[in-house]
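2 protein chains.
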Amino acid sequence: MLHIRNIQEQDYASIISVINDWWGGRQMADMLPKLFFVHFQPTSFIAEENGERVAFLVGFLSQTFPGEAYIHFVGVHPDKRKDGVGRLLYHHFFDAVKQRGCHTVRCITSPVNKTSIAFHTKLGFAIEQGDKLVDGVSVASNYDGRGNDRVVFMKAI
Amino acid sequence: MLHIRNIQEQDYASIISVINDWWGGRQMADMLPKLFFVHFQPTSFIAEENGERVAFLVGFLSQTFPGEAYIHFVGVHPDKRKDGVGRLLYHHFFDAVKQRGCHTVRCITSPVNKTSIAFHTKLGFAIEQGDKLVDGVSVASNYDGRGNDRVVFMKAI
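Chains as they are written, first to last, in our numbering: chain W, 1 to 157; chain V, 158 to 314.
The shape of chain W in the complex, shown without the other chains (with noise of 0.2 Å):
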């Protein structure tokens, strides 16, 4: 039996501890500091499955575009992947959002994650104009640093 809440500070160690591993060893930790489960609990939240957790999604409001949110970051247990509990995840997070105000979602990738752009693509998300095509797919140069190229979505919700 699948369970959604809100994502808590205590749940931090857990997910930091596991993180590497669910992304096959790639080094994600660094890019998912405390402050992420301290500061945007309403909006983030935690899927279990018998008391594991098995998912979670970190999301907060736009605080310089009203009526925008963003998805930073999202997490599914290797195990657990074809349940649609990503999916599941992503609508908790539409309600919670258009709940406080907001009309759209954005959200990046690498353009290296293929099952991410196919993910996001189903559910829905349009991707933005980048600065250059790879393997058929607009893509933002340097957008978070030089060589850290990403497609960058956005959904009306």
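Dumping the calculated DMTMM-like pairs for lysine to aspartate or glutamate here, alpha-carbon to alpha-carbon at most 25 Å:
| # | chain 1 | residue 1 | chain 2 | residue 2 |
| --- | --- | --- | --- | --- |
| 1 | W | K132 | V | D168 |
| 2 | W | K155 | V | E166 |
| 3 | V | K271 | W | D30 |
| 4 | W | K132 | V | E166 |
| 5 | V | K255 | V | E166 |
| 6 | V | K312 | V | D240 |
| 7 | W | K114 | V | D187 |
| 8 | V | K312 | W | E9 |
| 9 | W | K132 | V | D187 |
| 10 | V | K289 | W | D11 |
| 11 | V | K289 | W | D30 |
| 12 | V | K255 | W | E68 |
| 13 | W | K98 | V | E225 |
| 14 | V | K289 | W | E9 |
Simulated restraints, written as ranges between beta carbons of each label pair:
| # | chain 1 | residue 1 | chain 2 | residue 2 | range |
| --- | --- | --- | --- | --- | --- |
| 15 | V | W180 | W | R53 | 30 to 38 Å |
| 16 | W | R81 | V | G208 | 43 to 51 Å |
| 17 | W | F65 | V | N177 | 22 to 30 Å |
| 18 | V | W180 | W | E9 | 24 to 32 Å |
| 19 | W | G51 | V | T272 | 39 to 47 Å |
| 20 | W | V134 | V | S174 | 16 to 24 Å |
Just so you know, the hints here were simulated from the structure itself, not pulled from any lab data.
In this text, a Cβ means the ideal position worked out from N, Cα and C, and glycines have one as well.
Given chain W's structure and the hints, the job is docking chain V onto it.
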């Protein structure tokens, strides 16, 4: 002549390309994805001198704790460290978040960063009780994940 203004998305490329150098070669860029320059502009600032960016502060309002603000990242050009630019940016931030209803500012630093600890203490930050002492300073073990101890600061404004 020093001029402080709100951060813009366009500042990112220039800041991110110098940040590791400003920090004496420490790899800091991963801690500063572009999202902070996009979504937290009302409480993030750039200090310019003769049209050159000499310092910046990235902070935001807590979305979990109303009345709390958080400073995530501050960088000052190595040649400008003695000029009080950091202090000026902090006070600019205090004013900005006070106007938005905040009474408390939090931030963290590494226990190895003695300059940062001295700076925050001088500015009136208190150090929150951690679970061990490092050189007489209370430290929260593994705060940002295993091995990433942090000194946790708090200031009423």
